[in-house]
Amino acid sequence: MGQLAPRVHTDPDEIARLEALVAALHDEAVVEIELDDGGRVTGVVAVRPTVQTFRDPEGREGSNGVVRIDDALAPARAHMLWLDAIRRVRRLGTA
Numbered sequence: 007m008g009q010l011a012p013r014v015h016t017d018p019d020e021i022a023r024l025e026a027l028v029a030a031l032h033d034e035a036v037v038e039i040e041l042d043d044g045g046r047v048t049g050v051v052a053v054r055p056t057v058q059t060f061r062d063p064e065g066r067e068g069s070n071g072v073v074r075i076d077d078a079l080a081p082a083r084a085h086m087l088w089l090d091a092i093r094r095v096r097r098l099g100t101a
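Reminder that position 8 of the sequence shown reads as 14 in the numbering used here, one-by-one numbering, no gaps.
Watch out, some of these pointers could steer you wrong.
DEER-style ranges, computed between Cβ atoms [as the list claims (entries may be wrong)]:
#1 Leu41 <-> Pro63: 19 to 27 Å
#2 Arg97 <-> Asp42: 13 to 21 Å
#3 Glu67 <-> Glu34: 25 to 33 Å
#4 Pro18 <-> Arg54: 17 to 25 Å
#5 Gly44 <-> Leu79: 17 to 25 Å
#6 Ala84 <-> Arg13: 17 to 25 Å
#7 Pro81 <-> His32: 16 to 24 Å
#8 Arg61 <-> Pro81: 28 to 36 Å
#9 Thr16 <-> Arg83: 31 to 39 Å
#10 Thr16 <-> Asp77: 29 to 37 Å
#11 Leu10 <-> Leu98: 25 to 33 Å
#12 Arg94 <-> Arg13: 17 to 25 Å
In case anyone wonders, no lab produced these hints; they're calculated from the structure. No residue lacks a Cβ here, since even glycine has one placed at the ideal position from N, Cα and C.
Between the sequences and the hints, there should be enough to build the whole structure, so can you do that?
See below:
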């Protein structure tokens with residue numbers, strides 16, 4: 007551990023939601039991700055993420071995770087997204 011996250015979660019329901027997102031984010035899956043802020047990212051999952059233990063800025067320990075999405079329109083651009091900021095994942099195929 008030792009990494010910082012903007013938010014961490016200890017609620018079992020929220021951790022289960024994060025784990026369900028991980029299950030939907032297969033290696034090399036082409037996905038469209040809808041974010042909590044209404045934004046969308048379309049691209050390829052570089053590596054399936056994992057739920058890990060982090061500390062938030064106040065020092066509280068909890069769970070979160072990061073997924074790298076290689077942009078569909080600009081493959082050299084990678085989006086690093088916190089799992090808890092993802093509202094929905096729609097699978098479009100495989101790379």
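Here is what the structure says about each hint:
| no. | hint | in the structure |
| --- | --- | --- |
| 1 | Leu41 <-> Pro63: 19 to 27 Å | 20 Å, holds |
| 2 | Arg97 <-> Asp42: 13 to 21 Å | 19 Å, holds |
| 3 | Glu67 <-> Glu34: 25 to 33 Å | 32 Å, holds |
| 4 | Pro18 <-> Arg54: 17 to 25 Å | 22 Å, holds |
| 5 | Gly44 <-> Leu79: 17 to 25 Å | 19 Å, holds |
| 6 | Ala84 <-> Arg13: 17 to 25 Å | 21 Å, holds |
| 7 | Pro81 <-> His32: 16 to 24 Å | 18 Å, holds |
| 8 | Arg61 <-> Pro81: 28 to 36 Å | 33 Å, holds |
| 9 | Thr16 <-> Arg83: 31 to 39 Å | 33 Å, holds |
| 10 | Thr16 <-> Asp77: 29 to 37 Å | 32 Å, holds |
| 11 | Leu10 <-> Leu98: 25 to 33 Å | 32 Å, holds |
| 12 | Arg94 <-> Arg13: 17 to 25 Å | 18 Å, holds |
Violation of the numbered hints given earlier is absent; every hint is satisfied by the structure.
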